[in-house]
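K.L.:
From first to last, the protein sequence lines stand for chains W and X.
One rule links them: number in our numbering = place in the first sequence (from 1) + 12.
One rule links them: number in our numbering = place in the second sequence (from 1) + 12.
These are computed hints drawn from the structure, not numbers from a lab.
Predicted model, so just to flag it, every value in this text is computed and none were measured.
Built from N, CA and C at the ideal position, the CB exists for glycine as well.
Misleading hints may appear alongside valid ones.
Stated by the list, open to error - List time: in silico DSS-like cross-link candidates among lysine-lysine, alpha-carbon distance up to 30 Å:
1) W:K91 - X:K59
2) W:K85 - X:K254
3) X:K59 - W:K59
4) X:K283 - X:K39
5) W:K142 - X:K59
6) W:K241 - W:K155
7) X:K71 - X:K220
8) X:K254 - W:K91
9) X:K59 - W:K39
10) W:K231 - W:K254
11) W:K71 - X:K401
12) W:K39 - X:K85
Stated by the list, open to error - Simulated restraints on C-beta separations:
13) W:K85 - X:E109: 14 to 24 Å
14) X:E408 - W:K59: 33 to 43 Å
15) W:V229 - X:K39: 50 to 60 Å
16) W:V229 - X:K91: 20 to 30 Å
17) X:E182 - W:E106: 34 to 44 Å
18) W:K283 - X:E62: 15 to 25 Å
19) X:E342 - W:N117: 18 to 28 Å
2 protein chains.
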Amino acid sequence: MNSIIISIGDELLIGQTVNTNATWMGKELNDIGVEVLEVLTVSDTEKAIEEALEYAGKKASLVLLTGGLGPTKDDITKKVFASYFNAPLVENKEALENVESFFLNYNRPILPINRLQALVPSGCDMLLNKVGTAPGMWMENDKAIFVSMPGVPYEMKYLMTEEVLKRVVEKFELPAIVHHTILVQGIGESYIAKEIADIEDGLPPYLKLAYLPSAGVVKLRLTGRGKNKSLLENEIKKTFEKIISRVSEYVFSELDISLEELVGEVLCDTKKTISTAESCTSGALAARITAVQGASAYFMGSIIAYSNQVKKSQLGVSESDLNNYGAVSEEVVKQMALGVKESMNTDYAISTSGIAGPGGGSEDNPVGTVWIGIATPSGVTAHQFQMGKGRNRIVEKTILAALKLVLVEVKSSFRIIN
Amino acid sequence: MNSIIISIGDELLIGQTVNTNATWMGKELNDIGVEVLEVLTVSDTEKAIEEALEYAGKKASLVLLTGGLGPTKDDITKKVFASYFNAPLVENKEALENVESFFLNYNRPILPINRLQALVPSGCDMLLNKVGTAPGMWMENDKAIFVSMPGVPYEMKYLMTEEVLKRVVEKFELPAIVHHTILVQGIGESYIAKEIADIEDGLPPYLKLAYLPSAGVVKLRLTGRGKNKSLLENEIKKTFEKIISRVSEYVFSELDISLEELVGEVLCDTKKTISTAESCTSGALAARITAVQGASAYFMGSIIAYSNQVKKSQLGVSESDLNNYGAVSEEVVKQMALGVKESMNTDYAISTSGIAGPGGGSEDNPVGTVWIGIATPSGVTAHQFQMGKGRNRIVEKTILAALKLVLVEVKSSFRIIN
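Okay, chain W solo, but in the shape it has when bound (with noise of 0.2 Å):
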């Protein structure tokens, strides 16, 4: 059991929608053990979409299409979908039915072509999306299995998770793969390579590894693929063990988990609570450290000093330091975390200050200088960082290094190696 993706849209190609739905459909997939050969992502276009469904259905047995399913004149894939089986485009009851209701709820006046919305293929399953006027199509022919589906993120989800995931797992008997991913600071992955490579080398065929480097981490995935999941589990927990031997103080944390969730278990633990005060990131590694569910256990809040008034008032930093050195300075960082600090009554404290560009930068002071001030139970230090180029790069490097000083702070409590 196999699977192409195919993603229809121009949008997609002339680099105006990234292309997320693929991501989540492929993580989806793999979770219940179908594997994701391809994603092909094509053109609004007859051609390329009768193309990919030819191409598709030699290679895979499930084929995932979506995209193209609007009312507007743009959107051809249900018309290809149908010429590609030969099957004429017929109204379907309930997705009339569906299509009505849905104008009904929002006070529109149903146009024709929102009727037109109810027509599928002949002799296809009509899927119902109870979030949307476009429903999913489920065909089958010699080669494979088709679905069209919308592609509004939303409605996607909704058909994937409550229709036709379900249905592969009742009809197929669905081998299972497994992944495991642990994350590994402060070496670089030629040197991992070398310290491991007769594991490496002694792998069984149906383990696989993959080195993913990225800011500074480098995650170690093995993928397991077979017939008896808790065998492979048991494999890799193994292979795991034996590497983990090898570059231990290395390793971070041996469960793909982001830094923010690491931060939030190690808050949690030790009962401790952290605020921000954010020049540079703005509000950014706030929001990523709110991003972990049951963040409000630990996360009290933030002041977000983009202008120096602010810095001066809501942080208590001193006028002077910020005229003697610049409000990307230790001095400055240093009270900034002391000041959230104290104000918002936390254990620990981080604060950012940083130029982001592409304007702002001087000779002492280049784009991409980075101070990050963290204050502690004991006392307050201040880091200076060179975070390159880029203004959403520089707020990403930054938002990481800050989240990896709490856990170096904390790590008493935490098993964690800088």
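Since the structure of chain W is provided, determine the placement of chain X on it from the hints.
P.N.:
This is chain X only, laid out in the frame that chain W set:
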């Protein structure tokens, strides 16, 4: 001149990594007039990469590969790439010097597998990667041009910008591709289609109209392909003038700029300032506002009041109102907005409080309930929303609603219809 992007990496297929590389490349290629026919994402296996090269070479004149060029064993793109061209791998002197200086700069010992990074297929045009160790490789055969690049985003971007795009522009006479997008709000795509049906039917074959609905906004995109760029631009301009005359009351921007950019423009034009007081968005709104270059001209800062304690101490929210009405209420968001407006001394202030879930909902305030407050020079108002389910989606919808409220409040100086 058209292209296919081949993205290589299991992490893209199992949902571990979003394929942002292809999005970025699609945009850049379009900008220079290279149409992207397809994006094909494949696994790190010899068979998959070989078949992808074969497939793409038949369809496109430019095939761009990313991924699989790391030094570790899971990275096999270079080997398959060389074998596809029957070209042995040979050491490239310039690439080797680059690898050596890279390790020298970071003061790390160079390993044998790092030196292997300097091997390239014989006959290839080596593209020097000054920000990493894996060189780009440009190969041509009778079918197409093939370029292999690393998958690390900033290395790929460096090679695309400094080498690939420049060479393509020099080598080929490229057609013009012109996209223009306008933003429409408060009307569904099917109603727009009805209003402009005759305009759409009369479009010349070189113009294509697309409807992209998302989060309460419909983007209308016209794409023109041809030889004469200014002619296309003119045609698109004239067509949009006709379209806008039909739905003028719903058009809220004639540029494809984000809501946060619009907010920035409006505030700059009127020389007004803003601050935020955030509970459920927890800094994400401030981060969005400051993602716009030059935001420091109008954004002063925020108070993120995740806990009720901080709502009281930092924003002056009344304890009795918190007790009587709860944190997610009209009274509380009004006080939050007024509180931050006063303490940060801004012209406008916007506040958010809601139930992002999955826990915390009640019968009166189910998950997805969000109150947004907005304080202006003339007073304060509050607005209730039901944002549906899903933590990230609730936050995202709250950000969009908040930005729209700002635009509506400052609309006297700006052409916006709610």
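K.L.:
A range of 15 to 25 Å was offered for this pair. Does it hold for the Cβ distance of W:K283 and X:E62?
P.N.:
Hint violated: Cβ distance 55 Å, outside 15 to 25 Å.
K.L.:
Check the hint pairing W:K39 with X:K85 against an upper bound of 30 Å on the C-alpha distance.
P.N.:
holds, 24 Å
K.L.:
X:E182 and W:E106, beta-carbon distance inside 34 to 44 Å?
P.N.:
violated, 58 Å
K.L.:
Is the hinted pair W:K241 and W:K155 satisfied, with a Cα-Cα distance of at most 30 Å?
P.N.:
holds, 28 Å
K.L.:
Evaluate the given range 50 to 60 Å for the C-beta pair formed by W:V229 and X:K39.
P.N.:
violated, 27 Å
K.L.:
Cβ-Cβ distance between X:E408 and W:K59: within 33 to 43 Å?
P.N.:
Because 35 Å falls inside the window, the suggested range holds.
K.L.:
Tell me if the straight-line CA distance from W:K231 to W:K254 falls inside 30 Å.
P.N.:
Given pair W:K231, W:K254 holds - Cα atoms ~16 Å apart, limit 30 Å.
K.L.:
Is X:K59 close enough to W:K59, meaning Cα to Cα at most 30 Å?
P.N.:
Distance of about 26 Å is within 30 Å: holds.
K.L.:
How does the Cβ-Cβ distance of W:K85 and X:E109 compare with 14 to 24 Å: does it lie in that range?
P.N.:
For X:E109 against W:K85, whose Cβ atoms are near 56 Å apart, the range 14 to 24 Å is violated.
K.L.:
Assuming the hint says 18 to 28 Å, is it satisfied by the Cβ distance from X:E342 to W:N117 or not?
P.N.:
holds, 25 Å
K.L.:
Would the hint linking W:K85 and X:K254 be met if the CA-CA limit is 30 Å?
P.N.:
Holds, at about 18 Å.
K.L.:
Do the alpha carbons of X:K254 and W:K91 lie within 30 Å of each other, as the hint requires?
P.N.:
holds, 29 Å
Consistency note: the structure conflicts with the earlier hints numbered 1, 4, 5, 11, 13, 15, 17, 18.
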